[in-house]
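K.L.:
Based on the hints, put chain B in the right spot on chain A.
Protein chains in written order, with my numbering: chain A, 1 to 430; chain B, 1001 to 1430.
Keep in mind the hints are simulated off the structure, nothing from the lab. Just so it is clear, CB atoms sit at the ideal spot from N, CA and C, and this is done for glycine as well. Treat each hint with caution, since some may be false.
Derived, one-sided and incomplete: chain B residues facing chain A with beta-carbon distance under 8 Å [to be verified]: (1) N1029; (2) D1046; (3) R1047; (4) R1073; (5) V1107; (6) A1110; (7) K1271; (8) D1303; (9) F1309; (10) G1313; (11) K1316; (12) N1377; (13) Q1385; (14) Q1417.
Sample of chain A residues lacking proximity to chain B, with all beta carbon distances greater than 10 Å (derived) [as the list claims (entries may be wrong)]: (15) E37; (16) K97; (17) Q190; (18) H197; (19) T270; (20) Q365.
Listed here are the chains, written in short residue letters.
2 protein chains.
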Amino acid sequence: MKIRFINARLLTMDKNENVTFGELEVTDNHISYVGEERKNVAIKCDREIDCQGNVLMPGFKNAHTHSAMTFLRSFADDLPLEDWLHKAVFPAEAHLKKGDEYHLSKVAIAEYLTSGITAAFDMYYNPLETARAASDSGFRMVCLGTVTSFRESVDDMVSAYRVINSSKNGLVTYRLGFHSIYTTTREILQELSKAAHSLKTPIFTHTSETEVEVKNSLEKNNLTPPAYIESLGLYDYGGGGFHCVHMQDEDFEIFKRHKLYVVTNPSSNTKLASGIPEIQRMIDENIPVAIGTDGPASGNCLDFFREMFLVTGLGKLRTKDASAVKATEVIKMATVNGALAMGLDDADVLAVNKKADIIMIDLQQPNMQPINNIVDNIVYSGSKQNVKMTMINGKILYEDNKFFLDESIEQIYQKAQEITDRIKRDMRHD
Amino acid sequence: MKIRFINARLLTMDKNENVTFGELEVTDNHISYVGEERKNVAIKCDREIDCQGNVLMPGFKNAHTHSAMTFLRSFADDLPLEDWLHKAVFPAEAHLKKGDEYHLSKVAIAEYLTSGITAAFDMYYNPLETARAASDSGFRMVCLGTVTSFRESVDDMVSAYRVINSSKNGLVTYRLGFHSIYTTTREILQELSKAAHSLKTPIFTHTSETEVEVKNSLEKNNLTPPAYIESLGLYDYGGGGFHCVHMQDEDFEIFKRHKLYVVTNPSSNTKLASGIPEIQRMIDENIPVAIGTDGPASGNCLDFFREMFLVTGLGKLRTKDASAVKATEVIKMATVNGALAMGLDDADVLAVNKKADIIMIDLQQPNMQPINNIVDNIVYSGSKQNVKMTMINGKILYEDNKFFLDESIEQIYQKAQEITDRIKRDMRHD
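Bound-form chain A, shown alone (with noise of 0.2 Å):
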């Protein structure tokens, strides 16, 4: 199967941000020409795109989210946040079955797909379910443990570890990770070391994300919580942090030492009023710095533009300085630092024997006329109004507002609302 897409412009992210006219070929799931056109030269193909000036460059990387938590959208807002977790998301999902975790993933997976979001690293319970919802679609996700004291366990992540990396489909990878220092014991971490020691594997989870978890840390471990992962011996061999909202000095020292990764959530930081990160300063000292949209509990909806919007929004109010965290590099955040932090060297940017996550930002919308500057577009201004194509391992998932999926778009919708009507009554007789 050739796909060859003619009159683009290509942002490739390969080595700059620059923009250069030129077509794109993908043969199978890869790409397999990128570059200038070559005219006059007979090309066969199976179909062939003409982009009409518009943009291809690789898809967002989505590095932290709970997919299956579109059951939760709009469920409980404007809380404060222990009442939102203790006495909305906890108990309603407690009410989760199992196969839930499927038909609601599902629904995030579609919002990926009109956000041009083209892999997740998603980190819920029931790992197999939204392993196999991504599958099923045609998805990248790179699920991600979850063990806490009361759900999940280190055998059970090892598992499976062992059944989704021995897959085939190749769309589909696991690694080892855990809930947070406050829901997971010193033993079951002590475990977990042991496991990632073994398997040779970078461990992530939600880190300094309040500074209650800090204040918490320091009282409970005299550390902060990126040093107490530290001294378990958790990022030996890598990993890095969610949402990383109340760093300390030694905190950055801690990340350079390990050369973790900083996933930053500015919408969920902002939603759930739990503060602004350091971004410029991450940049400044060389963190990697990568984006996720947290889960849609948390901040509803699941749109990169808003999140990288965010990103340098936020960076430039937290400096009181209007040049900080530049559009060129948030749009590196949002691909290729993404795709470095879930271990996709593979699909990170627009490059021969490169993955085929490709999608295409129309330009032929208002908010990005008269053209300016194309990543500044992208980045101040776009919207998933913008998203004309978004093709995951070579295949074309939504194309001019249409999905391309296992199933009904209507279909997905409808399951999606039964397990949540279901979830509600069930809680009613709590």
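P.N.:
Leaving out everything else, chain B in the frame of chain A:
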């Protein structure tokens, strides 16, 4: 001309923010029925639109913008505020020629339609050109005088006031204002105050946008910006302020005393690192807050969904309280408060005899599924992608991604690009 919308969810914003099922009828430019479905009643109409459960609501009111600044979209980002203004914006504006504002505003109008914005409170040079763009497009525009010490004069404004407010199409009105206290001399403001008293009209201006503005006002006038404006009698017929980021205690009293509107512009304040206003305090003190995008030179896009999320999100960050600035407050600001701030009392809600300025929000998109709370969905998860239809004054100007304007969208883009390219060429010769 009669259009009937059936199978709708109605978010009328009339008295409350509840959503009910029903139908709505538009006759010529106004709403002639809204309420429960009229079953078994034969109703003659020119077009019947099946909403399929999608939401009808009042269009968003963009209560502060500079429409014609589309030529500066993504033109000079990531610069410190002073460089941005003095090295990019002002030098570029110096090359605007008569008629440019007409074409440049049309791009903004198209973008408003994609964002569900049905009226804008526009502040820019040559308002007659912007007014003409609005009239020709069928867009509702309230133009605001922008007197400064170097451009326009009070006489120009009084003349524009008479010309525009006597036009018969009912789409465009004109109000008096000035750019800011730091660009307008005391003498001009005194002259403006006389004009406002003579016309008995409210006054709006950029107010306490930056720390520097407040500091300079205190140094120069020994008064905060609102106190200085009040001292000149400029609030005697009401009005309000744009931005209002750095308000002192006494400013809150001034706003209450004169029943002034705050128009918040969170994208712009974020991107230019101006700061975060005290929105929850304004709500608590019953100061009406409306929302504006500011111009596309500041925040790049004209996206009311981004603004709505930021109004609440920044409000939560500022107070460190996830329950601050609730979605129900934000949806009111975006519709009713904006309309009242702009003097559009007849286009604020969906009710019989109100102007038919109506949008349809598409719930059949993954970011709205499953459905738990529609107002929360719109405020926290909405996107331009959800705007299925925008009707102004009874005419559908945008529907299913298509524009119905007096010129083709391609022509609008092309003219704006030509002007932008010409200005950039001219700047190279400066």
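K.L.:
So, for every hint listed, does it hold in this structure?
P.N.:
Going through the hints against the structure:
1. N1029: violated (24 Å)
2. D1046: violated (27 Å)
3. R1047: violated (23 Å)
4. R1073: Interface hint status for R1073/B: holds (6 Å vs cutoff 8 Å).
5. V1107: This hint holds: V1107/B lies near chain A, its Cβ roughly 5 Å from the closest one there, short of 8 Å.
6. A1110: holds (4 Å)
7. K1271: holds (6 Å)
8. D1303: holds (6 Å)
9. F1309: With a closest approach of 7 Å, the F1309/B hint holds.
10. G1313: holds (4 Å)
11. K1316: With Cβ-Cβ at 4 Å, under 8 Å, it holds.
12. N1377: At about 5 Å, which falls below the 8 Å cut-off, the nearest Cβ of chain A leaves the hint on N1377/B intact, so it holds.
13. Q1385: holds (4 Å)
14. Q1417: Nearest chain A Cβ about 4 Å off; hint holds.
15. E37: It holds; E37/A is separated from chain B by about 22 Å at its closest Cβ, greater than 10 Å.
16. K97: holds (16 Å)
17. Q190: With a cut-off of 10 Å, Q190/A remains clear of chain B, as the shortest Cβ separation is near 34 Å.
18. H197: holds (38 Å)
19. T270: violated (4 Å)
20. Q365: It is violated; Q365/A is separated from chain B by about 7 Å at its closest Cβ, not greater than 10 Å.
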